[in-house]
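Build out the structure end to end from the sequences listed, making use of the hints.
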Amino acid sequence: MAAKTLTINGLQISAEEGATILQAADEANVKIPTLCHLDGVYDVGACRLCLVEVAGVPKLLPACTTKVVEGMEVKTDTERLRKYRRMTLELLLAERNHVCAVCVANGHCELQAFAWSLGIDHVRYDYCFPKWSVDNTHRLFGMDHNRCILCTRCVRVCWHIEGAGTKNVSGRGGHARIISDLNQPWGEADSCTSCGKCVQACPTGALFHKGSTVAEMERDRSKLEFIVTAREKKQWIASD
Amino acid sequence: MILNDLIEIKNAELAGRKKITLRCCMAAGCLSCGAKGVKQQLDKAVADAGLQDQVEVRGVGCMKLCCEGPLVQADPQNSLYIKVTPENAPSIVAAIQGGQTSVAQTDPDAAFFKRQLFIVLANSGVVDPERIESYIAADGYQALHEVLNEMAPKNVVESMVQSGLRGRGGAGFPTGLKWGTVAKSPGAKKYVICNADEGDPGAFMDRSVLESDPHSVLEGMAIAAYAVGADQGFIYVRAEYPLAISRLQLAIKQAKQMGLLGAGIFESPFSFNVDLRIGAGAFVCGEETALMASVEGKRGTPRPRPPFPAESGLWGSPTLINNVETFANVPPIMRRGPEWFAGIGTEKSKGTKVFALAGKIKNTGLIEVPMGTPLSVIVQDMGGGAPDGGQIKAVQTGGPSGGCIPAEHLDTPVDYESLGKLGSIMGSGGMIVMDDQTNMVEIARFFMEFCMDESCGKCIPCRTGTVQMHHLLDKIIQRQATPADMARLEELCDMVKSTSLCGLGQTAPNPTLSTLRFFRHEYEQLLRPDLSGPPPNGASETRSASAAS
Ligand SMILES: Cc1cc2nc3c(=O)[nH]c(=O)nc-3n(C[C@H](O)[C@H](O)[C@H](O)COP(=O)(O)O)c2cc1C
Ligand code: SF4
Ligand code: SF4
Ligand code: FES
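From first to last, the protein sequence lines are chains Z and B. Heads up: the first sequence begins at 77 in this note's numbering, then just goes up one per residue. Heads up: the second sequence begins at 1401 in this note's numbering, then just goes up one per residue.
Because the hints were derived from the structure by calculation, they are not lab data. Being a predicted model, the structure only gives us computed values, none of them experimental. Please note: incorrect hints may appear among the correct ones.
For lysine to aspartate or glutamate, the following EDC-like pairs were computed, each having C-alpha atoms within a straight-line distance of at most 16 Å [claimed, not checked]: (1) Z:K135 - B:E1711; (2) Z:K159 - B:E1890; (3) Z:K159 - B:D1894; (4) B:K1656 - B:E1533; (5) B:K1653 - B:E1530; (6) B:K1897 - Z:E129; (7) B:K1584 - B:E1711; (8) Z:K143 - Z:E103; (9) B:K1698 - Z:D257; (10) Z:K159 - B:E1891; (11) B:K1821 - B:D1836.
To spell it out: a stretch of chain B is covered by chain Z in this simulated footprint if at least three of its residues, at any positions, have a beta carbon under 8 Å from a beta carbon of chain Z; those stretches are [what the hints assert, rightly or not]: (12) 1843-1856; (13) 1867-1877; (14) 1890-1903.
Glycine included, C-beta positions come from ideal geometry on N, C-alpha and C.
Shown next, in the form of structure tokens:
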């Protein structure tokens, strides 16, 4: 495959044709923040955290779905982008009920880690305090809608990697939520194979193993990568 | 079917015309105030008077002056009867024989009609939308015949480029360029989609075109399909338009029976089928990628572009998607030539635009004006100004993606660039007039609420940003907002516009931004600098608050 050369934050790098800006940056050790992206499943460009500036393009472009072009000049960390990222996180934190102190994922949450990295210690928007329920009907797992950020990673691993098609999105706007099968209690969703991939994929404490208590939920993403590598490259190698 | 058959149908239809025609509007507006009964009684009155061979009572599409419906027009008398009741029927029939009538009339040569220029609506209110012969009598399907027999697909694309037609669905993308891209995209299977989701509040142009002249849209789609190399079309029409749906179904059936749709059209190798897909009421499904997902049977949410539908659309195939009005422009352009079309309008905005004129204005209804017509001509001369001596304060175009143009800018010509300069957009053609009683902050909140409710929820800025912007607008209206809240609102407008995934989020701040630009004082009057603002939402504080709740 032909290589493309481009610059990211002034740094000259080369990337494979067909690679996304995110992949190219990753290889060059430039970190672009992401929430909806998950290695191994297709991208949807939904969280908008990976937006970058590209010289000559008036719009901001999502790094996860934009392919590299020869000579592209990408900036990933401008004042404007930092401001928008911070606002995006604040909006997320105000949307549902993210109460870290009582969360199973405390300390292992991508949302929390990201907020910390940006130094977010308060939110400038009024909290919405919506009333969301917890689905505890599944034998092994639980879902707390209060902590869901609608990244749809669970939906994509469920369809794309496990092939079960249990998880889905229903409703729209602020009322959108993750459902199981035809909006049934998870425990009654026949298509669920109890593989737990969605739990592994979730960036927050929205999906959890039953029985884990505060701050206990650690995830092992290498399992997901293992399956994807096996399927796409036909290599059965365990990553460490 | 060959050309001679078409001409025979046309001649037979014209030969069968009677001396007098009573055209009764059978579009949704007039039907909703009793037009069906009017037509029945007119039929009866004509029969009672023994005038069946002299008078034709023809059900037609929208006659434009919707606020005065039900409408009946008598030809050649050139009398336009308004607010007709079934009881008026005998009196109208007496009048067309030279008698007197007390049934209310309006001047069919008034400015409301005279300033219009009909291309898209030329058949609306004239042909019977339920009879294909009526469309053929108005030269229908001749353009398709000419295109199939005398033009190569690339010449058709070239003609569209020359015409200068731009998409009427909102963004104004050059139609010829889009057709050319689809035509050049490699792929054995291609699709043509007509976007009839029309979701802007107050807009009813596309509905009227479908109800009044469905064949013009079908013919436009068939010409497009030939130009780009597609053999399958879909019309995505919202379920709230049952009459448009049934007329389309009937039109498709009639066109198929005559060999004007289906396999081997006009005995050429070209085949084209059209199916309907019914939208379930989500505004976002008018966005092209969401629409295609919906046609594929998936959840109707937008996806990032590129790839654009022209390269990878329905089921991954190159897909042409245009608006109803865009397609309706195609047969007249092919029939009369691209030069003719390019001679109408302004330098960069060619042809006409149909608007649904609504709000605080005397004459509400459907209008078609040449691009470049000043807004003042539309609202003052044609619309008759605000009712009851009120003052016009602003004109809203572009619906939830557009903006409010203040009265002092009413001399603005209606074209894509001029409206854009004022922070509004042409949009699909909703035009809402506001008078001096209107509170502009409430207008901003109304449209923000619409976008908040219609956001699909996929991307964070639009899903959560519209909620916060709506909340801030609400706070301002409740007189609970501080200047800091206003700054927060403006910052959010910029952020949601710049970062949202699709056009819904990217334009959701527009009504707020445009009212902030022209009516800032109305916001500032409501602010409360005396309030210290919300307590600084320290994260720790809030955590304990929500943990307790
Ligand atoms: C939220 C949203 C809603 C839309 N709704 C419509 C619609 O109802 N009808 C329409 O023709 N285009 C609509 N559009 C524009 C379409 O995405 C698309 O641009 C258009 O159908 C292209 O046709 P045109 O080139 O003929 O204008 C909408 C766009 C957005 C972002
Ligand atoms: S449950 Fe978790 S993985 Fe699924 S959408 Fe919500 S936050 Fe994302
Ligand atoms: S901008 Fe709004 S409607 Fe468009 S994808 Fe994002 S959430 Fe959905
Ligand atoms: S990671 Fe690219 S939009 Fe979420």
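Hint-by-hint comparison with the structure:
1. Z:K135 - B:E1711: violated, 20 Å
2. Z:K159 - B:E1890: holds, 14 Å
3. Z:K159 - B:D1894: holds, 11 Å
4. B:K1656 - B:E1533: Holds, because 13 Å separates the two Cα atoms, which is no more than 16 Å.
5. B:K1653 - B:E1530: holds, 11 Å
6. B:K1897 - Z:E129: Given pair B:K1897, Z:E129 holds - Cα atoms ~15 Å apart, limit 16 Å.
7. B:K1584 - B:E1711: holds, 9 Å
8. Z:K143 - Z:E103: With Cα atoms ~14 Å apart, Z:K143 and Z:E103 stay inside 16 Å; holds.
9. B:K1698 - Z:D257: holds, 14 Å
10. Z:K159 - B:E1891: Given that 16 Å is the threshold and the Cα spacing comes to 10 Å, the pair holds.
11. B:K1821 - B:D1836: Given pair B:K1821, B:D1836 is violated - Cα atoms ~24 Å apart, limit 16 Å.
12. 1843-1856: Contact hint for the stretch 1843-1856 of chain B vs chain Z: holds, 5 residues under 8 Å.
13. 1867-1877: Three-residue rule met by the stretch 1867-1877 of chain B, so holds; n is 3.
14. 1890-1903: holds (count 7)
In summary, the structure is inconsistent with hints 1 and 11 from the numbered list given earlier, while agreeing with the others.
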